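Protein chains: 2
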Amino acid sequence: MNIIVQKYGGSSVGTTEKIKRVAEEIKKSKEESNEIVVIVSAMGDTTDELLELAGAVTNKPDSRELDMLLNTGEQVSIALLTMALQDLGCKAVSLTGAQLHLETTSSHQKARIKDIDLSRIKKELNQGRIVVVAGFQGVTDDEEYTTLGRGGSDTSAVALAAKLDARCEIYTDVEGIYTCDPRLLPGAKKLNHTSYEELIEMASLGAEVIHPRAVELAQKYQVPLYIAESCSKAEGTIINGNIDYLEASLVTGIAVNRDDIQITLRDLEADSYILAEVFNSLAEAEINVDMISQLLDKSGRMNLSFTIPEMDIEKARELIAFYRKDWGVSDWWIRSEVVKVSVVGPGMRTQPGVAAKVFKLLAQSEIPILMVTTSEIKISWLVPAGYEEEAVKVIGYNFGLTLEKD
Amino acid sequence: MNIIVQKYGGSSVGTTEKIKRVAEEIKKSKEESNEIVVIVSAMGDTTDELLELAGAVTNKPDSRELDMLLNTGEQVSIALLTMALQDLGCKAVSLTGAQLHLETTSSHQKARIKDIDLSRIKKELNQGRIVVVAGFQGVTDDEEYTTLGRGGSDTSAVALAAKLDARCEIYTDVEGIYTCDPRLLPGAKKLNHTSYEELIEMASLGAEVIHPRAVELAQKYQVPLYIAESCSKAEGTIINGNIDYLEASLVTGIAVNRDDIQITLRDLEADSYILAEVFNSLAEAEINVDMISQLLDKSGRMNLSFTIPEMDIEKARELIAFYRKDWGVSDWWIRSEVVKVSVVGPGMRTQPGVAAKVFKLLAQSEIPILMVTTSEIKISWLVPAGYEEEAVKVIGYNFGLTLEKD
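In order, the protein sequences belong to chains A and B. Mapping to full-length UniProt numbering: the first sequence position 248 is 248, numbers consecutive. Mapping to full-length UniProt numbering: the second sequence position 93 is 93, numbers consecutive.
It is worth saying that the hints were derived from the structure and are not from the lab. In this text the structure is predicted, and so the values were computed from the model without any measurement. Fair warning: there could be bad hints in the mix.
Heads up, the list lumps identical chains together, so a pair's fine if it works in one copy or across two of them.
Taking lysine-lysine pairs in the DSSO-like style, the calculated list, with each CA pair at most 30 angstroms apart, reads [to be verified]:
no.	residue 1	residue 2
1	Lys315	Lys27
2	Lys110	Lys91
3	Lys60	Lys91
4	Lys393	Lys27
5	Lys393	Lys123
6	Lys357	Lys110
7	Lys18	Lys357
8	Lys60	Lys18
9	Lys20	Lys315
10	Lys233	Lys91
11	Lys27	Lys60
12	Lys110	Lys122
13	Lys189	Lys163
14	Lys298	Lys110
15	Lys123	Lys190
16	Lys114	Lys298
17	Lys28	Lys60
18	Lys123	Lys233
The shape of chain A in the complex, shown without the other chains (with noise of 0.2 angstroms):
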């Protein structure tokens, strides 16, 4: 038999009526002679409730307490779920991070996957029972709750589909992969298929659908995935491979991020060492930089820009605070409404000028540019926020991303 990991989404599992879909759904794969694990998301908002209900008890809570709290989120979607499936005569069990013992880092919020432990989640399949897994947590080797921090459940269920040579299938609230968020970019085309490298660039400038971390998790250990809209007939988006450059596209879709602010310090000792510092200091503090733009002024003098996750400003401002002497800073300030703009396309390895295209683009809609980085198969602009929707459509329409266009 076949083994299948599926993933749904805490929109999926939103209300009850919702969990009794999805339990249909997993049914009827079931039914399909496959042997099924499924990892669901905490319903809905109940992350954000229970985030809203520690701000009412601290100001700082505590980053293990905090895991202590969130793991509860998914306990309550997979103990309903399983029930459901239940409920509909499947055999079926819930199982918790640390009853998969699905071991992790302890690095509350931002644990990373070590290990897990496949006897517990054999033994439940090979009873012929469903197993309902709690994404998104996990547990350390002294027995402290963790989380897995943003796209957890997404790197739950590659994981376990890794481990188990399964496939991956995500149900989430859209179709599929789309060459462009549709809401910014009306008329936006569904692909059929994509790689992983592709996606990659696409998850992580903000498409949403799918975490980068999962997707590059996947690609490392070739697990076929799947992306599809939760109970829809309409077929979604498969992940497999590798980019096929003969056909490959001049640009597959555009992304935007909301997520990051730019920060910017002057003067600093234009010394390699510096900057190594500089970096160093934010990895150690888990802070992930994304952009980075240097410059020397006319004095010699470094000035430095970068930009980080919003959710880390607080960190990030105590840290500069602390060093600015050492690193020789004399200014510097955080620009939070930024919004990043970027241009993915296999196509741009062996075919030059997508740049110069975007550049003239954005020039002739007098879109400011205040960062530009470049990888091979991609490119991204910050621009200020309110100028993404312009840009995102100059692009699109002008790349052929649209089924008006196509």
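Position chain B relative to chain A; hints supplied.
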């Protein structure tokens, strides 16, 4: 240093505001140089809300999955209370039943405590931390989550106090133990001190302040109990030792229990083997029988009435339908609108006439009596629902249980 185990019930931690107030009380106890272990229940109506969610998904929730679901209630409380303590500058850590290794039987919703591994809790106390433990929950030796059923948090608290050789303080929403529920008997007096035995009789009869199971455990291990209102300066009730018969009052209190139903079986074979069968079947289904009344009719057949908790009504119904032919039952019925009124007093042992006086009072008030049972220090009358208030008043006023008559 003394170890104190404090238990806060659901109404004491019903809102984040109340959690913060409770944290301040705990901080005060800690500052009196005690080592503090806190047991908390789920916030307010959380357990009911979770049951409602389960009910929206299925009519017959699996008991294992129900425990998976219910366990989240206390997990939320411990995380929030710990955060609130940390916010006040206290060192604190939360532990679930599983992390505490509070090992139970695998009987879901009615698990019994087998043992508690103190290593984790001692480690945390030695590091100066207040340990906040999830009440009501435990774990089996194969890592399944359980709940302890009614009075579970009280039982967790007393069991921990017994193992830690600690005093156990139960904080609730009433000032202590009263001669009778003041809502039923206006002017009912608060007791400053009572014995385990009297409290067991009071509690098992529905006094609702502490579960008899917890008091029995306290008595067994001679754990000193203190029952008081949370966040209040009012003196509570101390419970320790045994009854001092010299001083024993004739009647300590009156309790009312509305949680039972009465089952009547007609025309059983008059054979004590059959009776053993009936009660053995009920025991195997984990249905607690309370009052029992048995009578032979003229033809030599036996009629049997007994009371069981209302929550077990469906189980009992199935069981009787299954066995009635074996038992020779010609007819049977359930009377659910019944109330048990009990009079508790150690003085009854040495001073006869309490029963006679109560029978006379009930007859004068024209209160129908469905069943009667007696023990050394209590007498209970089952009456039709609706008559209990009159019964309590007439007994209370005539036995000096109110301030007015004192």
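Which holds for Lys20 with Lys315 at a C-alpha limit of 30 angstroms: within a copy, between copies, both or neither?
Cα proximity of Lys20 and Lys315: across copies only (26 angstroms, versus 41 angstroms in one copy).
At most 30 angstroms between CA atoms: does that hold for Lys123 and Lys233 within a copy, between copies, both, or neither?
Answer is neither: 32 angstroms inside a copy and 55 angstroms across each miss the 30 angstroms cutoff.
Which holds for Lys27 with Lys60 at a C-alpha limit of 30 angstroms: within a copy, between copies, both or neither?
between (43 angstroms within a copy, 18 angstroms between copies)
At most 30 angstroms between alpha carbons: which applies to Lys123 and Lys190, within, between, both or neither?
neither (39 angstroms within a copy, 56 angstroms between copies)
30 angstroms Cα threshold - placement of Lys91 relative to Lys110:
between (33 angstroms within a copy, 23 angstroms between copies)
How would you label the pair Lys110, Lys122 (within, between, both, or neither) given a Cα cut-off of 30 angstroms?
For Lys110 and Lys122, both the intra-copy (27 angstroms) and inter-copy (28 angstroms) Cα distances are at most 30 angstroms.
Up to 30 angstroms between alpha-carbons, please classify Lys60 paired with Lys91: within, between, both or neither.
between (42 angstroms within a copy, 14 angstroms between copies)
Cα distance capped at 30 angstroms. Does Lys298 pair with Lys110 within a copy, between copies, both, or neither?
Neither, since 41 angstroms and 77 angstroms both go past 30 angstroms.
Is the C-alpha distance from Lys18 to Lys357 at most 30 angstroms within one copy, between copies, in both cases, or in neither?
Classified as neither; 45 angstroms inside a copy, 61 angstroms across copies.
Reference check for the pair Lys393 and Lys123, CA-CA at most 30 angstroms: within, between, both, or neither?
neither (52 angstroms within a copy, 60 angstroms between copies)
With identical chains, the pair Lys60 and Lys18 could be close in the same copy or across copies; at 30 angstroms between alpha carbons, which is it: within, between, both, or neither?
between (34 angstroms within a copy, 19 angstroms between copies)
State whether the alpha carbon distance between Lys233 and Lys91 is at most 30 angstroms within one copy, between copies, both, or neither.
So Lys233 and Lys91 pass the 30 angstroms test inside one copy only (25 angstroms; across, 53 angstroms).
When held up to the earlier numbered hints, the structure conflicts with 4, 5, 6, 7, 13, 14, 15, 16 and 18 and fits the remainder.
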